[in-house]
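Peer 1: One-letter residues, chain by chain:
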Amino acid sequence: MGRPGSLLVADIGSTMTTVALIDRVAGQHRFVARGEAISTHVAPWSDVLLGVLLGVRTIERVVGRALVDGRGSLLRPRQAAGDGVDGCVVVSSAATPIRVALVGLTRDVSLPRARQALAAAPTREVGCLALDDGMLWRDPNTWLRALREIQPEVVVIVGGTDGGATQPVLDLMSLIALHNRLLPPEARPVVCYAGNAHLAPAAAQAFAGIGELRTAANVSPSLAVANCRPLTALLDTLYRDRWLMRVPGMPRLVEWAAAPVAVAARSFGQLIRYVGERYRLNVIGIDMGSARTVRAEGVGKADSGHHRRTDNDSASVTCADMGVGLSVSQALARIPLERVTRWLPDEPAPDIARATLLNKGLHPQSVSQTQADLLLELALAREIIREMNAHQGSAGVPGGHWDLIIGAGRSLTRAPHAGYAAMVWLDALEPVGVSKLALDVSGVAGALGAVAASDPLAAVEVVEQDAFLTLGTLVSVAGPVTPGRPALRLSLRTADGRVSEDEIAGGVVRVIPLAPGQTAYLDLHPARGLDVGVGQPGVSATADVEGGRLGIVVDTRGRPLVLPAAEAGHRRALEGWLETLLGGRGPMPAETMADHATAGAACPT
Amino acid sequence: MPDLAAEWLLPVRRCVSHIEDVVVRHIPPSAEVLVQVDERVSATQPIARLAAGRGTDRQLHVVDVAGALELPGRDLSPVMLKRRGDAVQAGEMLAVRSGRLPFLYRPCRAPVGGRIVAMTHGWVVIETANAALDILAMVAGQVVEVTAGRSIAIQYVGALLEGAYGAGGLAVGTLYCSDGTANAALSPEHITEAVHATILVTPGCATREIVECAVTVGVAGIVAGSLSVDLAGAAPLPVIATEGYGRLQMAVDRFNLLRGLSGREATLVAPADDTWRGRPATVFVADAAHSADEDGIPAQQRFDRPARAGDRVCAVRAPFAGWPGQVSNTRPVAGQTPITGGLQGLQVRFDSNAPTDPEPGAQVQWVPWLNLERIG
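So the sequence lines, in the order shown, correspond to chains A and B.
Each residue of the first sequence is one higher than the one before, counting from 1 in the working numbering.
Each residue of the second sequence is one higher than the one before, counting from 1 in the working numbering.
Don't take every hint at face value.
[Stated by the list, open to error] Listed next, with one range per pair, are the computed distances between beta-carbon atoms:
| hint | chain 1 | residue 1 | chain 2 | residue 2 | range |
| --- | --- | --- | --- | --- | --- |
| 1 | B | G218 | A | H391 | 41 to 47 Å |
| 2 | A | D171 | B | E209 | 30 to 36 Å |
| 3 | A | A66 | B | E209 | 58 to 64 Å |
| 4 | A | R242 | B | P72 | 38 to 44 Å |
[What the hints assert, rightly or not] Where chain A lies over chain B, by a calculated footprint (3+ residues, C-beta under 8 Å):
| hint | region |
| --- | --- |
| 5 | 108-120 |
| 6 | 252-265 |
| 7 | 364-373 |
[Said to hold, decoys possible] Pulled a few chain B residues facing chain A out of the computed Cβ check, cut under 7 Å:
| hint | residue |
| --- | --- |
| 8 | V62 |
| 9 | Y245 |
| 10 | R279 |
| 11 | D304 |
| 12 | A318 |
| 13 | G342 |
Don't read these hints as lab results, they were simulated from the structure.
For each residue, glycine too, the CB sits at the ideal point set by N, CA and C.
Based on the sequences and whatever the hints tell you, model everything.
Peer 2: Have a look at this one:
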């Protein structure tokens, strides 16, 4: 069978379902049209296919051909008359995350590594129990009570290096086996063993007949080596094969795809990694969803001096059980409200701010109609990303030196002005140096990683042509700045030979117009003590930059970002920065902001 | 521009005075079914039962017999005096390790009374208490389908109101509207012994003060327009907020429905367990005058079609949060403000200038379609 000519891509989120048509146009795969609907796996519909069909029907009306038949089945392959598609890819994050209890020997070796594996999978850690937590934890009654209270769906057992500790790990197995034995079969959690590999047979024996056991490679094969990826892959597989399949209507959608549904976070991570490797860039992608936020890094510069990830390191993708929709309450449980409202030019009363955000959680599909609501949601988005960064660090790319920042998720890609998105990325990620900023306005970035699994070239072509909207280039200085004093001198030479020079004071955000498609050459001369991304304060740098919706955004507020202390100065500064970004050239093109069918870049021939 | 609004499926929070609905109660595989098809059930009637010892909330105590007796290899077989299934009393000997010399004699006694349910890895597990766990119907109606080990479907006929948020479990009581007007605010002084065991309806915000008063006088549950944020996740009795959090007034559609049902027995369902699976918190008022076999039952309301002109809707975000109205035009229209310029929406004819204003104001406003929910 040849390469599929047309692909239907369905991304079923916890709140919204996006369906996109990718087709061959002038010999290349292009994003053609998109349809959206609310996700319908919940009451009163309880069938995910309904939302998908609504999205498909919207695409049908745009492209003028049928994709499904009268019975609601996908027409596949594409027919001579033009109806149908050649392939279908489905990704989803619609299922609730797996409730996982981590169980280990000590809290300083295996358990953190197991937690790292969990962070890269669609899981929610509901408990972490260790044998060395005190004398009380030598009593099996303590374990039973704890496990019954947290009621995990999966228990992950870790501990012992390969060939290392045995008896304590066996004791752990016995405790969990006891817990399982005392539960009715349908209530027993799945047990995932990822400890001392030499004890895998003992684990099989301990859980024989009292529950399901899955085994992954040891997360700590030695004290010096972390091996998180196999456990992450195991949890991903469980989520894909069990949790997603329980979503009402999903099995029928699997028939459309003739392949397992891909886990959305994994697909997004694959895309980011691919972009980094293909274009030899250090890339960070943030997909801010309703129920979950995914952070993915792709380290593509082998010679940059940065640590290059190995396949055994799953730290390149992390998922947080926090979002700006369904998981607002989880986010507010972890992030103090003051950290959110500090980003607002007009600080609302705490109970009003909290009620507004919690109500967004009750109506996750809803959108902001007022500036105040919009700024509050984006403030929460900032803090969710900052919270993830604080826990994740940046093991692959230190210090925020990313060449490319990719943003996905409706709260940012559908913001009424590109400046809002740029402001969030600047405040949340605190990039240093020169970074390009792109947004997934097509709504398919999350699925392109899965598309690449069946048709890599199609994914490449869509990435290069249609998937992202380039907002422009960010230039950020690191170090302590003095507001008002010169922080950066820059010289911009455009392709047509025009040169402009500017001296920018510290503490500001400045927009320099540079239209989409235009390139320029930047000379950057930071003030003493400030680093413009070369790793040494005061050292000049040059960069080839690209324009975009916003142009060139220069941020001389310094890193780490410190908001002005004085109340009046603080709010005034926030207002000023935002106004600067909103005053640029960046209103989102109407067709990319539409929340129904979008005619893409081209029409199929 | 093609009329594409026909594809816009809106979220639904049903608010209907008469509906025939099937409520599926999910049951654990090992639960015993207590009802049969065609049987009529009440809301508080057990429909399935997890036998004693099968639930997840058993009272268990683990005795480390092997540790107490320092048994090599943790093998209990040579020392146990009791077997699995035996009842034991507190202080009774479970096992004894004896040797040739008197001082090697070492007993292990049960620290609690109960029944031995497991012996493994040197541990003896004593179940100290067990009770059957009943799964209640939660809605009054007629059983229409029983799938053993899976679910029981109950056909319900009556009024139904779904809330935006609910917590606290199940409440059954007489529906009591605090006042005749939709924009009245309930104050703690109104919560007297007269509302004991009722399901109290207030169109305004259920504040902490109101909830605490309600608990004091023994109110069964509360249906309010909104819930104070400081009660988020912590309401001490079953509560449903129809609009959300904060100071939102109950939409007049919803209040009028509940006011019309005042004095009737109602069930408030806001459970946290998996047996309700995916349904929103709901108020049910069963219509005892109808049965599944009578003619003239209104057709099942269907919410799986896209929005149409004339559909009753309610806005869910500022500046129109809680405002009910009707879709006046399904032609998609773009927003006109800097914030909404990129969004598509519908024209909605709101009932009035405010959610509880009884005077018809016939305001037509543009609302993003994502900010609307159908209310029946």
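Peer 1: Hint by hint, say whether it matches the structure.
Peer 2: Hint by hint, here is what the structure shows:
1. B:G218 - A:H391: 41 to 47 Å: holds (46 Å)
2. A:D171 - B:E209: 30 to 36 Å: violated (51 Å)
3. A:A66 - B:E209: 58 to 64 Å: At roughly 60 Å between Cβ atoms, E209 of chain B and A66 of chain A fall inside 58 to 64 Å, so the hint holds.
4. A:R242 - B:P72: 38 to 44 Å: holds (41 Å)
5. 108-120: holds (count 3)
6. 252-265: This one is violated; 0 residues, fewer than the three required, reach chain A with a Cβ under 8 Å.
7. 364-373: holds (count 6)
8. V62: holds (4 Å)
9. Y245: Holds. Min distance 4 Å.
10. R279: holds (5 Å)
11. D304: Given a least distance of 5 Å, the restraint on D304 of chain B holds.
12. A318: holds (5 Å)
13. G342: holds (3 Å)
Consistency with the previously given hints fails for numbers 2, 6, ordered from lowest to highest.
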